[in-house]
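For the record, the sequence lines run as chains Y and U.
All letters in the first sequence, in the order written, are residues 1 to 268 by my numbering.
All letters in the second sequence, in the order written, are residues 269 to 612 by my numbering.
Heads up, a few of these hints could be off.
Unchecked claim - Below are the SDA-like pairs computed for lysine to any residue, each with C-alpha atoms no more than 20 Å apart in a straight line:
hint : chain 1 : residue 1 : chain 2 : residue 2
1    : Y       : Lys16     : Y       : Thr42
2    : Y       : Lys144    : Y       : Gln64
3    : Y       : Lys16     : Y       : Ala53
4    : Y       : Lys226    : Y       : Ala236
5    : U       : Lys309    : U       : Gly321
6    : Y       : Lys226    : Y       : Asp237
7    : U       : Lys309    : U       : Leu293
8    : U       : Lys448    : U       : Leu437
9    : Y       : Lys16     : Y       : Asp56
10   : Y       : Lys68     : U       : Gly321
11   : Y       : Lys144    : U       : Val515
12   : Y       : Lys144    : U       : Gly501
13   : U       : Lys309    : U       : Trp320
14   : Y       : Lys144    : Y       : Ser125
15   : Y       : Lys144    : U       : Asn554
16   : Y       : Lys68     : U       : Arg513
17   : Y       : Lys226    : Y       : Val252
18   : U       : Lys448    : U       : Gly390
19   : Y       : Lys144    : U       : Asp503
20   : Y       : Lys68     : U       : Arg514
21   : Y       : Lys16     : Y       : Arg52
22   : Y       : Lys68     : Y       : Lys16
23   : Y       : Lys68     : U       : Pro511
24   : U       : Lys309    : U       : Ala296
Simulated from the structure, these hints should not be mistaken for laboratory data.
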Amino acid sequence: MTLELRNVAWSVGFRKIVRDVSLRVEPGEFLGVIGPNGSGKTSMMSVLAGIRAPSDGVALLDDQPMGKVGRRNLARRIGFVEQQADTIDRITVREAVSLGRTPYLSLLSPWSGMDDEIVANALESVAMGGMADRIWHTLSGGEKQRVHIARALAQQPDYLLLDEPTNHLDIRHQLGLLELVHDLPVTVVAALHDLNHAALFCDRIAMMDGGRLIAIGTPADILTSKNLRDVFGVEADIETASDGRYHIRYRVGGAMDMDAETKKGRVA
Amino acid sequence: MIALLSSVTGRRTSAAFAALVLLGLSLAFAASVGETSIPLKTVIDTIANHVWGAGHAVDPIDEGIIWNYRLSRAVVAASCGAALALSGAVLQALLRNALADPYLLGISAGASTGAVSVAILGVGAGIFGMSVGAFIGSVVAFAFVSLLALQAGRGTGAIILAGIAGAQLFNALTSFIVTKSASAEEARGIMFWLLGNLSGVRWPDASLALPVTIVGLLVCLWHARALDAFTFGRDSAASLGVPVRRVYVILIGISALMTAVMVSIVGSIGFVGLVIPHAARFFVGNRHGLLLPLSALIGALFLVGADVISRVIVPGQVLPIGVITALVGAPAFALILCHGRVLR
Chain Y
1 MTLELRNVAW SVGFRKIVRD VSLRVEPGEF LGVIGPNGSG KTSMMSVLAG
51 IRAPSDGVAL LDDQPMGKVG RRNLARRIGF VEQQADTIDR ITVREAVSLG
101 RTPYLSLLSP WSGMDDEIVA NALESVAMGG MADRIWHTLS GGEKQRVHIA
151 RALAQQPDYL LLDEPTNHLD IRHQLGLLEL VHDLPVTVVA ALHDLNHAAL
201 FCDRIAMMDG GRLIAIGTPA DILTSKNLRD VFGVEADIET ASDGRYHIRY
251 RVGGAMDMDA ETKKGRVA
Chain U
269 MIALLSSVTG RRTSAAFAAL VLLGLSLAFA ASVGETSIPL KTVIDTIANH
319 VWGAGHAVDP IDEGIIWNYR LSRAVVAASC GAALALSGAV LQALLRNALA
369 DPYLLGISAG ASTGAVSVAI LGVGAGIFGM SVGAFIGSVV AFAFVSLLAL
419 QAGRGTGAII LAGIAGAQLF NALTSFIVTK SASAEEARGI MFWLLGNLSG
469 VRWPDASLAL PVTIVGLLVC LWHARALDAF TFGRDSAASL GVPVRRVYVI
519 LIGISALMTA VMVSIVGSIG FVGLVIPHAA RFFVGNRHGL LLPLSALIGA
569 LFLVGADVIS RVIVPGQVLP IGVITALVGA PAFALILCHG RVLR
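The task is simple: from the sequences and hints, build the whole structure.
Structure, rendered in structure tokens:
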């Protein structure tokens, strides 16, 4: 069971958004993807999910190029939650989650009681069991995001890919959602904005900048003052709490930030 | 579990059966109503005579009116309504836009240009009629819009904007040809055709419209689950295992084909493709397995009804059916909009 990118590039027209990214997702891990805005996280995630074909290099599932695996088979192995997916349709929470069964259904294997059960379980595992009959657009942002995750879970995937799942959520729901995902029995790859969240939940972190994968490793390896200065252009101290977790404390102080920004600009 | 399955299948079969009966009744009703009212019994006898040679005694004039004029006309109206409503439902789902309708793809505008080119400019030198001209025009317009959309980018917004541009261009061409070359008499005839006109249709038209509609319905139903998967957009559909590009090509293609055939037979009948899917959604929600057949059914009934009204509302005169669909459709749409908002 492997999910891997080898020398993957992806471009829009002549603009290269992702360049030469190689990474291998280890079974069972929580892999975080961090990087400043426009560093190519979202594009890399959609190649990893098999939604976009790489313009160079190859994306592999179980050592097979994704193009050969086939859309339906991919959808049974990889669940993907986009950054913001909304709809104008009047659908219930249960209907939204039922969409996750799409890759398993056909004329010969129509909807069955088993599918009902899987959908119900998916809703339970994101603590939305009691809201199955609610209409989609009456949900809050956090609830919508949980329904999306339930839909992905209904695909019964081995890999759950999340693109900035905590965007637009308040802090309680951010932590709640990540904790929920962390405890799910699947391999998770999540693009994360908040570096402290990455430090709290990730087994490994991949750091992107300018479309490249700059570094990949444990939070201790990646979240260093030097990396934060070079990649994000911020000054920060990394503190280790008594429970062994890392905590990032940002230092705000005019001139320093500007320097880092111009230095970074020169390098780029 | 088998009992459950069979009960679901059973319910589906009986619903489909009820729909067909309803459709048959509406066709018979449409054939009995008109300038000379003919009893329903005569209509049913006539149909029996023609379909399985029952040999009932029917007045030959009545029989001629029913079979040659009214019934063929009603069948075309039903096919056309079903096809336009289906196309509308499919395009609204694929393009994620509640205002999408089959004419959005520039098809009706292109058909008009093709028709007036044949009727007024004499393109084709009398080898083919207005219908063929309309079909060619709609295909050209659709090709133009598709190319423009592909050039503009892959987003769903691109095809809508390209459709608007294409429709404007071809409508301008039509107006140009009409104002430059048509006599007053011709202009009136063209106007009538542009608003949708079922007057001239006979069995050959029905034998084209009906199979196209049935094939279109089957193709769309085959993709019902794929259409459901587009609920959260095309990336979401892709991540659910839907081959997005293939579904786009097949379903937009079949919608364009259905629309082009219908427009070439009856002209452009507005509002059906836009309004009927929303009405159907109001009853059964967004699952396309139900929504598509119901849209087709309501579309068929609506257009058969609109045709009857267009024949009887002004004594001694037939109104363009497009006028009726818009007169009924616009207030109905307003009602759905307001009612829908209350529900929310």
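Tested hints:
1. Restraint check for Lys16(Y) and Thr42(Y): satisfied, since their Cα atoms lie roughly 13 Å apart, inside the 20 Å limit.
2. Between Lys144(Y) and Gln64(Y), the direct Cα distance comes to roughly 33 Å. Violation of the 20 Å bound is thereby established for this hinted pair.
3. The suggested pairing of Lys16(Y) with Ala53(Y) holds, with an alpha-carbon distance near 14 Å, which does not exceed 20 Å.
4. For the proposed pair Lys226(Y) and Ala236(Y), the alpha carbon gap of about 9 Å is at most 20 Å, so the pair holds.
5. Restraint check: the Cα-Cα separation between Lys309(U) and Gly321(U) comes to about 16 Å, which is no more than 20 Å; the hinted pair holds.
6. Proposed proximity of Lys226(Y) and Asp237(Y) is supported: the alpha carbons are some 10 Å apart, at most 20 Å.
7. Straight-line distance between C-alpha atoms of Lys309(U) and Leu293(U) comes to about 12 Å, which keeps the hinted pair within the 20 Å bound.
8. Proposed proximity of Lys448(U) and Leu437(U) is supported: the alpha carbons are some 16 Å apart, at most 20 Å.
9. Of the pairs offered as hints, the one joining Lys16(Y) and Asp56(Y) holds, with about 10 Å between alpha carbons and a cut-off of 20 Å not exceeded.
10. About 57 Å separates the Cα atoms of Lys68(Y) and Gly321(U), which puts this hinted pair outside 20 Å; it is violated.
11. Pair hint Lys144(Y) plus Val515(U) does not hold up; C-alpha atoms about 27 Å apart against a cutoff of 20 Å.
12. At most 20 Å may separate the alpha-carbon atoms for a hinted pair to count; Lys144(Y) and Gly501(U) meet this at roughly 15 Å.
13. With a C-alpha separation of about 16 Å, the suggested pair Lys309(U) and Trp320(U) falls inside the 20 Å cut-off, and the hint holds.
14. For the suggested pair Lys144(Y) and Ser125(Y), the alpha carbons sit about 14 Å apart, so the restraint of at most 20 Å is met.
15. Restraint check for Lys144(Y) and Asn554(U): the C-alpha separation of about 18 Å stays at or below 20 Å, so the hint holds.
16. A C-alpha spacing of about 16 Å is found between Lys68(Y) and Arg513(U), which places the hinted pair at or below 20 Å, so the restraint holds.
17. Our distance criterion of 20 Å between C-alpha atoms is met by Lys226(Y) and Val252(Y), whose separation comes to about 16 Å.
18. For a cut-off of 20 Å, the pair hint linking Lys448(U) to Gly390(U) stands: about 14 Å separates their Cα positions.
19. Between Lys144(Y) and Asp503(U), the direct Cα distance comes to roughly 17 Å. Compliance with the 20 Å bound is thereby established for this hinted pair.
20. Between Lys68(Y) and Arg514(U), the direct Cα distance comes to roughly 16 Å. Compliance with the 20 Å bound is thereby established for this hinted pair.
21. With a C-alpha separation of about 14 Å, the suggested pairing of Lys16(Y) with Arg52(Y) holds against the 20 Å cut-off.
22. Restraint check: the Cα-Cα separation between Lys68(Y) and Lys16(Y) comes to about 24 Å, which exceeds 20 Å; the hinted pair is violated.
23. Restraint check: the Cα-Cα separation between Lys68(Y) and Pro511(U) comes to about 13 Å, which is no more than 20 Å; the hinted pair holds.
24. Straight-line distance between C-alpha atoms of Lys309(U) and Ala296(U) comes to about 9 Å, which keeps the hinted pair within the 20 Å bound.
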